[in-house]
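Visitor: Each chain, written out:
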Amino acid sequence: MKFRVDRDVLAEAVTWTARSLSPRPPVPVLSGLLIRAEGGMVSLASFDYEISARLQIPADVTAEGTILVSGRLLADICRSLPSAPVDIETDGSKVALTCRNSRFNLATMPEGDYPELPALPDVSGVVDGEAFAQAVSQVIIAASRDDTLPILTGVRMEIEGDLITLLSTDRYRLALRELNWRPTTPGISTSALVKAKTLSEVAKTLGGSGDLNIALSDNSELIGFESGGRRTTSLLVDGDYPKIRSLFPDNTPIHATVETTTLIEAVRRVSLVAERNTPVRLAFTDGLLTLDAGTGEDAQASEAIEAALAGDEITVAFNPHYLSEGLSAFDSKYVRFSFTTPPKPAVISAQDDLEGEDKEDYRYLLMPVRLPNQ
Amino acid sequence: MTSPDQQNCTILHVDMDAFFVGVELLERPELVGLPVIVGSASGRAVVLSASYEARKYGVRSAMPMARARMLCPQAQIIEPSHTKYQQASARIMAIFREISPLVEPLSVDEAFLDVAGARRRLGEPLEIGALIRRRISDELGLTATVGIAASKFVAKIASTHAKPDGLLLVPEAETLAFLHPLPVGALWGVGAKTGEVLARLGIRTVADVAQTPQAALHRVLGATGDHVHRLAWGIDDRLVTPERMEKSIGAEETFEKDVDDDQMLHRELLRLAYRTAARLRAGSLRAGTIALKLRYSDFTTLSRSRKLQAPSNSAKQLQAAAAALLAELGERPQPVRLIGLRAEQLEDAGRGGQQLSFDGHEDTWHNAEQALDEVNRKFGAAGILPASLLQPGARRPMQPDQGAGQQGQPEPGE
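Protein sequence lines correspond, in order, to chains A and B. According to numbering that gives the first Met the number 0, the first sequence is numbered sequentially starting from 0. According to numbering that gives the first Met the number 0, the second sequence is numbered sequentially starting from 0.
In isolation and in its complexed conformation, chain B is listed as follows:
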């Protein structure tokens, strides 16, 4: 029988500790125990991952690299290699799926699991949590932290609390005692802005939120108020929903210097298209819609999307759609700081068959790009690129992807 403490606590939040750094240190054992930052060394890139030793100096994920280096000049900086992280991520997710079919990945290194159906086979939730940590350590040499609770929201807070290399179960009966002393920022949906609004009302802890009438919260925060009030009472009935397919795949680039030149933007789009298309093909997916994202010098950000006439995973098609979107924007009011391309409305590439066209281009390009994939698999990424991308100095490392549930996302700050 399940012990009373673990009754109903079947939601696990598993979060890798400093994942990118962890993966890199497997190849650089001499750096273990030292401050290490994964991120591109170039001017405007951001920290993708920092070792706990670096975090002691105040280095955090998504912080500009320049600032990180100021805070911790002695840190070892490692260029990110996303292929390695994706491979490690795939192995981790495979372990999760052996534990339970109910796996909801949040990003490359983080997932919710519902283990209700695994208890008979694998033991109580605490044992399962320990098993997952042991397997990740034995099979990959990495550490993970597991938070266990009766709801997703509490499980996630539990893992944040237990980090790094920890395991924490919050029994259902103790949920409120665990939640209430926390600052309001711990609640999902409470960011800097909402936090400010609440602080003005003297609401600083989760307990304060719980004790404020829901109607009052609704008045100041609208629907968020209702949501936050429920969370403050530990009510979160969202289920762990396995996502069968990624929702979108994309890449973006922050320029070292803001760019005004049309040609340079188009060249960057071409690069992003090749990168995104390769990832689509690797996952045997096709995109139905292409979105373009632009951020101007003053951080105004806009995005535009267009439906492809037939779904595609060819860089050529992705680039054409993105270029058309860029052209439709007309004259730009300011230089561009960041440009991004995203493939949306993804579908299984094998499912519907391929709509053929009179010019047969999809076949020629498809074959050419597949050959490219093969070469790049053999000789490393960017072995072959379109000629216009081979200009000296044009090659720069990619920025992390900021979309939800995406690969290459900076790890959540701990």
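Pulled out of the complex, with its shape left as it was, chain A reads as follows:
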């Protein structure tokens, strides 16, 4: 095998493929990147039994062939090479990498031992990459990082026709985001549970290049994503996701609308005195939201900002971290809080005008902290 490719193209391709390599590969060959040179193209692939990644780059191929070489090492080397063409050529059981005056000889692993990569399921539809990336960033904040509850470390994707709904929860908050896509089969109805971490990687690395193909079949254990010649597959999380849509209250007699950035700033300041696990309190009165945190014996902070309240006055306490994370997911001018009563969850949604209606395509449901005297 022998090919020449520009350093920047190679480095980018190797970095992307190597990110899904497991730090502790289940078998040694899975620490490798599979590189295949064929007909003017070089393809790179990685796999850890759970996630596979594949891409192709055009290259000046002078001898076709396949090698398996340590992915971490190759990524480190590519990152530090000067910006110049890179020559890669097999030399017996070694592979030589030359770039300007630098030369590396790397051991190869037997590519015959490399497992076959899972096939990408048939493409089921196309979504705008950027819109998908934004939607994912809004829901993954609520996914659990606690692997004692593996199901909750996933994001639930529900597909009904041209609507995708993403849902996640860690039992303390819930994020729901709806977005449109173009399904291949009209009227498709399916769902999948994808690890939040995987989805976040997909959003970051595949969301920037236009259309994103999503491949998902009803009885598949896999989901696939493809964009700009890059494809990745991931095993789905196994198990029944709890029915969490019903957690949104039907009836919320109390509404309060606050300017988003003003509130984010105020929460950030006031929670400086909220030691770990102590809440920030929000008191909504007519025209005013008063935030305060801290305890009598230690530091205290409070701040009042404008708020439009419809319904009874209400005081509610939240974990400041959960609240900030949720608020930061909104890019609307205003956010609306919808309440039933204090120990019940509050819904946060986007609102463009102070007097207008809220939008329902993204909702963040947050359980309060019960104060000792409640």
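Don't read these hints as lab results, they were simulated from the structure. The model shown is predicted, which means the values in this text are computed figures rather than measured ones. Mixed in with the good hints, there may be bad ones.
[To be verified] No more than 30 Å apart at the CA atoms, straight line, and that leaves these computed lysine-lysine pairs for DSS-like: (1) Lys55(B) with Lys192(B); (2) Lys306(B) with Lys196(A); (3) Lys343(A) with Lys306(B); (4) Lys1(A) with Lys93(A); (5) Lys315(B) with Lys196(A); (6) Lys358(A) with Lys332(A); (7) Lys192(B) with Lys246(B); (8) Lys55(B) with Lys242(A); (9) Lys192(B) with Lys83(B); (10) Lys242(A) with Lys315(B); (11) Lys306(B) with Lys203(A).
Put chain B on the given structure of chain A with help from the hints.
Guide: Okay, now just chain B, sitting in the frame of chain A:
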């Protein structure tokens, strides 16, 4: 005015004499004056406390029970009842806090007090020491030994010297005369290993340490060398720092026979979780982190910890975290000799309020476990247990807790 001898000697180290035995003898007066050992009778437990009569036979705290019984077969063995010790301990600590707000408990039966601010009210340090001993004797019927000095380290050695039922003040001017004849092992930070290193250099007494240049000690012992050298000159400027909250609470169990069975380990974790959670709730505390400790047959010991998503004092949550840690270890290379669970990063349960969750489990479980506390308070510990712990023969007494400043720690050997 303070007499010159007592000038600056405001640090008291108060240590109960054979505390667990003392508490037990209040209910068994017929055993006073006889060799008595508090410890579980089962195979691998250790001596938690031994009466001075038993110590004459060589019985020491933390010694395996089997060995203790060999040394002193006639000793009366009493099963430990930690609730009683905790109650007595609370009363003792309350007495200390009436003497001075500066109380630093070291364990259930031992504390440092700084009485600098109590002199005007209660008299000179010697009088205060005598007062503490008198109050403990009058109010609890127990004896304590008090060591008084200008520093924590010397006060502690003084109490060790005066044991049992004694009182000793080491005047500041006589500190070096008191320290220097002692063996190096008397210095804090000098254990068996450091002692060996020093012995190879011919350093056997505190005086030897003092006369060795600090640089030489630093070469062989590193930072410990500097520390030991300072102590040998009686320099110890650590303050008595009242600990507002316990740092951690936990329990561990040494199996009678090493255990390989996953189910049995998980069952033991459940028991430890219930015990630890009950203690958290009793102190109105919540744990932010749970640690698991395993000791294999060959005594290799490892511990792993994980942060809880929200702080908790529910046995259910503690057990889930510990079980996850156990599962993460994967296949065990050897059978397990000891398993332990520890609640760390404790915080006041009432302070921050309770983060509610969608499933509301924390409420249901919290209420159930609180009801359990009530029942157990009324009918004695282990009145109600999870069903999986009710297997015949599954119930075994607990091992003492080995953590610093913990309840149930074996008393320091005298």
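Visitor: Assess, step by step, whether the Cα of Lys192(B) is no farther than 30 Å from the Cα of Lys83(B), and give holds or violated.
Guide: Roughly 36 Å separates the two Cα atoms, so the pair is violated.
Visitor: Compare the distance between the alpha carbons of Lys358(A) and Lys332(A) with 30 Å, and conclude whether the hinted pair is satisfied.
Guide: holds (12 Å)
Visitor: Could you grab the alpha-carbon distance between Lys343(A) and Lys306(B) and see if it respects the 30 Å cut-off?
Guide: OK: Lys343(A) and Lys306(B) at ~26 Å, within 30 Å.
Visitor: Can the restraint linking Lys1(A) and Lys93(A) be considered satisfied, given a maximum Cα separation of 30 Å?
Guide: Judged against 30 Å, a Cα distance of about 12 Å means the pair holds.
Visitor: Against the 30 Å threshold, does the CA-CA distance of Lys315(B) and Lys196(A) hold or violate the hint?
Guide: Given pair Lys315(B), Lys196(A) holds - Cα atoms ~27 Å apart, limit 30 Å.
Visitor: Lys192(B) and Lys246(B) were given as a pair; does the straight-line alpha-carbon distance stay at or below 30 Å?
Guide: holds (28 Å)
Visitor: Given the hinted pair Lys242(A) and Lys315(B), is their alpha-carbon gap at most 30 Å?
Guide: holds (23 Å)
Visitor: Would the pair Lys306(B) and Lys203(A) pass a check requiring their Cα atoms to be no farther apart than 30 Å?
Guide: Measuring from Cα to Cα gives roughly 28 Å; hence the hint holds.
Visitor: Has the given pair, Lys306(B) with Lys196(A), been kept, meaning a C-alpha gap of at most 30 Å?
Guide: holds (19 Å)
Visitor: What's the verdict on Lys55(B) and Lys192(B), does the C-alpha distance respect the 30 Å limit or exceed it?
Guide: At roughly 27 Å apart (the allowed maximum being 30 Å), Lys192(B) and Lys55(B) satisfy the hint.
Visitor: Would you check the hint for Lys55(B) and Lys242(A), treating anything up to 30 Å between C-alpha atoms as holding?
Guide: violated (68 Å)
Hint violations for this structure: numbers 8 and 9, all remaining hints satisfied.
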